[in-house]
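Asker: Read top to bottom, the protein sequences are chains A and B.
Residues 1 to 258 in our numbering are what the first sequence lists, from first letter to last.
Residues 1001 to 1092 in our numbering are what the second sequence lists, from first letter to last.
These aren't lab readings, by the way, just hints derived from the structure by calculation.
Heads up, a few of these hints could be off.
Across the chosen pairs, the derived CB separations fall in these ranges [unchecked claim]:
1) A:199 / B:1033: 34 to 42 Å
2) A:156 / B:1008: 40 to 48 Å
3) B:1046 / A:153: 20 to 28 Å
4) B:1017 / A:69: 30 to 38 Å
5) B:1077 / A:109: 34 to 42 Å
6) A:156 / B:1036: 28 to 36 Å
7) B:1011 / A:193: 53 to 61 Å
8) A:71 / B:1017: 47 to 55 Å
9) A:253 / B:1057: 17 to 25 Å
Only some residues are given here: those of chain A computed to face chain B with a beta carbon under 10 Å [to be verified]:
10) 121
11) 153
12) 225
13) 227
Quick caveat, the model's predicted, so the values are computed rather than measured.
For each residue, glycine too, the CB sits at the ideal point set by N, CA and C.
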Amino acid sequence: MQSKSVPKDSKAIHKKSEPQVQSHDSAPVHARSKNTLRTTDASPAAGPAQPLAAEARPIQQQQRRNPPIAGELNAIALAQAGDGASFEILYNMHKRRVYSLCLRMLGNVAEAEDLTQEAFLQLHRKIGTFRGDSAFSTWLHRMAVNVVLMHLRKKGLPLVSLEETLEPTQEDGPRKDFGTRDLTLSGSIDRVTLERAVQELPPGYRMVFVLHDVEGYEHNEIAGMLGCSIGNSKSQLHKARMRLRSLLRENADGRADA
Amino acid sequence: MTSMTTNTPKECSEFQEQLPDFFDSGGDRIEHPHLNTCANCSALVRDLNYIAAQAKLLMPIHDPSPAVWENISHALAKKPTAGRASEDDGAS
């Protein structure tokens, strides 16, 4: 979406702010050296200044997944100073990925849009605390994940099932595969088929699969976000992949029979 | 794949129970003696690796509707305190 699609009354947020930002705790990312930056957690409970988190990924690893976007640093600095037009630029840079993340985690368009909206409103409230210790998109996506998780907790949904599935039942456990089929999936999955299969996963499985395999979070990060053990996260991921394999095989078998 | 599928279900079961840890430590290059002799578990590992690899290629494909930004801008217009997170706003 380009700026021209902004409703007229949105100009109310476009303050005539000074682009020059003072060098203090809320200074923009470009005003400070990376060597002197401190980690700012994007979790809802994060304060304005946190010591370097032990589980923080190396900057290089984060930037491989979320490479910087041209013009982003400048837009962040201006948005931190209260410039609404720059905040809209940030929205347009990141709306697709944040929305896709919400949609994959929730599987529901209306909820995904509501939570995308909530994530960006939270971003607006907290952008002054972003210090550039991680890629901005990493920080924002973590914020969006937390918004989704809080939403799911309020609904009393799937996070509880994470622990329940530690004791796998015949139905939802990681089925062992002793068959002798020689069919392998390699080369048979297209993106649409995989997206559909992911949406068929139980919510707890889908959550861990999306966070780990699609978004690239590590198990220790997922465990922290979901409030479960690292072993539980690994177990859920494995079950998710096994279930996907089963779903994708059924799909492949169905096509073969057609 | 030659001279395989001579394994017992017990061997396969024990191997598959350890798979989450194998994947976590070995990435997509799991090396285990069982895989040298079991076509079924080899196919399983290949499939799970393939699924994980395909998942990494999933791209953000959807834009939210224009109504999302309209709602955001309306909300911000009512509370134009951009970039000023309150320190006691932590529970939000």
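Asker: Hint by hint, say whether it matches the structure.
Answerer: Taking the hints in turn, this is what the structure says about them:
no., hint, in the structure
1, A:199 / B:1033: 34 to 42 Å, "38 Å, holds"
2, A:156 / B:1008: 40 to 48 Å, "43 Å, holds"
3, B:1046 / A:153: 20 to 28 Å, "37 Å, violated"
4, B:1017 / A:69: 30 to 38 Å, "43 Å, violated"
5, B:1077 / A:109: 34 to 42 Å, "25 Å, violated"
6, A:156 / B:1036: 28 to 36 Å, "47 Å, violated"
7, B:1011 / A:193: 53 to 61 Å, "32 Å, violated"
8, A:71 / B:1017: 47 to 55 Å, "50 Å, holds"
9, A:253 / B:1057: 17 to 25 Å, "23 Å, holds"
10, 121, "6 Å, holds"
11, 153, "13 Å, violated"
12, 225, "16 Å, violated"
13, 227, "16 Å, violated"
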